[in-house]
Amino acid sequence: MKKYILKRIVTSVFTLLAILLILFILMQLMPGSPFNDEKLNNDQRAALYAKYGLNQPVIIQFFKYVFNMLRGDFGVSYNISKNTPIAQLIQSRLPISIAIGGAAVALGAFVGLILGVTAALWHDTVWDTVATIISVIGVSVPSYVFALALSYQFGFQWRLFPMLFSPQQMVASSVLPSISLSMFTMASIARFTRSEMLEVLGSDYMLLAESKGISGPALIFRHALRNALIPIITVLAPLIVDLMTGSLVVEKIFAIPGVGSLLVNAIQSNDYNVVIALSFIYSAMYIIIMLAVDILYGVIDPRIRLSKSEA
Amino acid sequence: MKRKLLALLMVSAMTVSLMGCGSAAATTAGSAGAAGSGASAGTAASGSTQAAASASDLNVMLETPVESLDPQQATDGTSFEIIADYTDGLMQMDADGKSVPAIAESYDVSDDGLTYTFHLRKDAKWSNGDPVTAGDFVFGWQRAVDPTVASEYAYMLSDIGQVKNAAEIIAGKEDKSKLGVTAVDDNTLKVELAAPVSYFASLMYFPTFYPVNEKFFNTCADTYGTSPETTLSDGAFVLDSYEPAATQFHLTKNADYYDASRVKLAGLNYQVIQDSQQALMSYQTGALDMTLVNGEQVDQVKDDPAFKAVGAGYLWYVSPNIAKVPELANLNIRMAMTMAIDRESIATGVLKDGSTPTFTAVPPQFATGPDGSDFSADQKKFADVCTFDATKAADYWKKGLTELGKSSITLNMTVDADDAPQKVAQVLKEEWEQELPGLTVNLVVEPKKQRVQDMQDGNFQLGLTRWGPDYADPMTYLGMWVTGNSNNYGLWSNKDFDSIIAECTTGDLAMDAQGRWTKLYDAEKLVMDNAVIFPIYTQCNAEMVSTSVTGVEFHPVALNRVYKDAVKSN
Amino acid sequence: MKKNAQTADMTAYVPTAADFCLKNNAGEIAIDNNFAAQSFWKEVFIRYFRKVSAVFGLVMIILISVMAVTGPGMNKYSYSEQNLLQKNLAPRVHALEKLGIFDGSENMHTTTGTKKINYYTENKLDNVYYWFGSDNFGRDIWTRTWSGARVSLIIAVAAAVIDMIIGMSYGLISGYFGGRVDMVMQRILEIVNGIPRLVIVTLLLLILKPGMVTIIIALMLTEWVGMSRIARAEMLKLKEQEFVLASRTLGAGSFFIIFREVLPNIIGPIITQVMFSIPTAIFTEAFLSFVGLGIPVPQCSLGSLISEGFNSFTTHPYQIVPPIIVMALLMLSFNLAADGLREALDPKLKEV
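Protein chains in written order, with the numbering used here: chain L, 1 to 311; chain X, 1001 to 1570; chain R, 2001 to 2352.
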């Protein structure tokens, strides 16, 4: 087991390096340049390239970047906030994105679980269809429309929550964005819970539990839901990471200083360092979460542990 | 064993998800608190930014975040506006956009127009207590041309300001100490120009020419302008809460400002909102005093006394690639295209934000001549070559097609992926295809950076692009069509035009204001007669300014909004 | 004595009729639905059509597809034709206008108050009817909605099918060969998956010229990973089974086994996954439109219509309603149909 974990960690590090290299190559392929205003001429652009070392070969830029990164230096922004160190730029934004994303995932998972369990327990009835409709509507209305509708009704008409994010009212102003963001998680979790629950309910050990005389909530929660939950964690984990980058439209509408909108702005304005740093953080989080899930899974389920250590 | 593990896992998963939001919320609250206390460090009124905000603050909506607070690095209107809120240059803009003294009490110009001497006022102070000296300007200007700083707006000193040696320093041929600006003493600044520039004094309100306190700059080095602690104010306000690319930040009135009695506002509270509907709703709830609205919303607000259309200065035009596309090299084809455009309906029917249809190569309402008249007040002066006339357009079109020996033409038009340009482009396509039989226009929609690069590389056929004036003189537009200018995307070349422009910039006419003005008309006529560009409209911003707010000045050039005289009554 | 007799009664259990009935038998088991002589697909077919929601989904998909083909031709307008004199007109339908609905009037919420206006009567457009209203260029929203649905459907189905082919082959090969091949292929997958989709998709759309094909490629690039995971998992389950061994001993080559022996056995879950990935693709396309990387104007997709209508959400809300409803119905239908298909294909689930 230890050997397996160690092996996975080592491969993860190399995967991350490979991702970084690919990002560098992608940046080179990106049309346009960060210094592309109507008002710039070629000489000035050349001077700017020289200033930021962008005139060097990719491979040298790559090694320099990796070397600097190991010392905690992610470079500076070219456009979004000129010459600001990326670390400083991201530092205050990442926690906000994670907080709102986390709240959205928690909310979405909770509602999704309820919908999914409802649909599975009353499978093939009206409740099943209603739960499916709710979860699908949640995902088929784009989150920006949903966000604006929420903001219009709860923020503008009823004045229940602030319409714009503000650090002074962190909790109240996070409510509407979190709800709008939670829709996608809710739908995915509901769908997944439903199918997992159906499978568990039809399994032999549920029949055994039932024949042992267990019934009611104890049967559903202690026996069925528990077993259905394990695979759900694997779905939930990448959703958390996705929310970090997927939140940009909601960030735009609620004026949240998060990383999602930063990433899109960076891509559109060719701010290479910001794109690379944010993508890299995303990849790292993704890989770490997947690694953690794998290891946890191995610990829990001996069948997986065995097949993995064989491989 | 297995069961216990499961239970443990479930419990931990749940706590993680709960803690996830709990702890993250705590960290942000913490960091916000830290930022707040950082902002007020050193000032007596400690506490969070909230405490600094008061009811008499003006709440202003911004569309985009600040890109840079370094006056020599900033390039966008938002950044310029904020920098000018807390920094004064030698001159400032009055309500009509004319330059009036600020840090400079007065200035003298030598007879040949090549030497400017600015006399600085003695009571101007930086917010750290240092006096504002001529040396601060020398340092700031040298930074602007320093190749290691690589300022994007360095051309303001070289091409436009014609400051002596600026071009050589930017190119790396001279040391920055050779720049034609010297501090004679603490209160006298002497500027030498390579050629007379009639509008030089009006450049002085442009943030690229703002002073930088060298001593203070050296203590911040790389972090200059990234936080309230790394900025210094000599203007009407002081920045007291800010983070790079912040969506919310605040400025307080500068009690030590030399003209403090003039400033009525207690502070400025900026809020970046990228969605205009959200912005209007916030305005309606009273959270904002000023906001931009988009064209679609104008129907909602046009009867409101708070609604204003504010000139943004940008001229939007279509640039045909004359050099590389043989069809567009044909003058009749270009004439047909420019005459088939119904500019009126684009501006009033589609954009609706107050933008004005434009029929001249120099847009109206930014350049005033020696006699005080607007250079482009008469929009009908080129009516024979630039107006909406379907029959004439069709005639030109037929003639052009015969000359080319073709019956149909397909052209691509490169367009920004933003809202307004895409709207305009769709109408242009429809109008052209309707009026000019045989023409097919395909729209190539690209992010702005890429569109600009494509046009600079000559990799386009038609391009919808814009130009904002850098200074209040027609030259900021006409100078672009000189042979070899990097903004002359269509590579049009005309010897007569080049010689007029040369005469007006560095030649005999440079000092003769009236003669120069008439010659510039001739130059504009050449551009229009040859359909070098198809001007479409001059951009306006539809703005809501609460009726309780008065005295905010709007300008199409350099500083879009100035708040020094603004008053907010409650 | 009496007491004793009673306890004796309690201990000596007398079976009742209920003990010989199956639990949870709602009368279904008594009916033989097995049609033993019928083929697997016929059985799937019957199971599918027994489920109301699945049938509803299928009917809606067919209905929307038919409308997507015929809808744009049902009135005189074309999707790109502009009429700036007839812009922002509210929906107006012939018969319904007499009932006081869809009569072309709308409530305008201005900052100075709400007023009811009818541009048709104001501008004397007596014989003009826009069933879904017109947009801010004076284009017919009915026509645009259905041609948008067409574009969205084409993009989604094409992307789903292509990503099925690529993802399936990748997963099957990786799962079948296992060992080092699997290791390398899975690391590649991890790298691809590790780069944020947004980055890959936007870069791709920037490098290639915008258009339908580019969007299909972009969607395909990000969706095939999920497909390959499922194919690989199924392969790992099946490859140790006897029929694979039998085929191998008979001298079948690897690719024969993968595509001719294993593939037919996993086609069910694969088709289900394709059905699920279609709504995902529709949704991703809508997102791309919002970021400004969607289908180039004046063409439209459901996503680009929604993001266009979004700008008029508070002024002319009717402009965003038709594309949103069509998109929601489409996604709901695909999900219901996919759910139904999965349950029809999976014999384990049907017994619940």
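There could be a bad hint or two in this list.
To be verified - Below are the DSS-like pairs computed for lysine-lysine, each with C-alpha atoms no more than 27 Å apart in a straight line:
1) Lys-1302(X) with Lys-51(L)
2) Lys-1302(X) with Lys-2087(R)
3) Lys-2124(R) with Lys-1302(X)
4) Lys-3(L) with Lys-1176(X)
5) Lys-51(L) with Lys-1176(X)
I should point out that these hints are in silico values taken from the structure, not numbers from a laboratory. From a predicted model like this one, the values you see are computed outputs, not experimental measurements.
Could you work out which earlier hints the structure fails to respect and list their numbers in ascending sequence?
-> 1, 4
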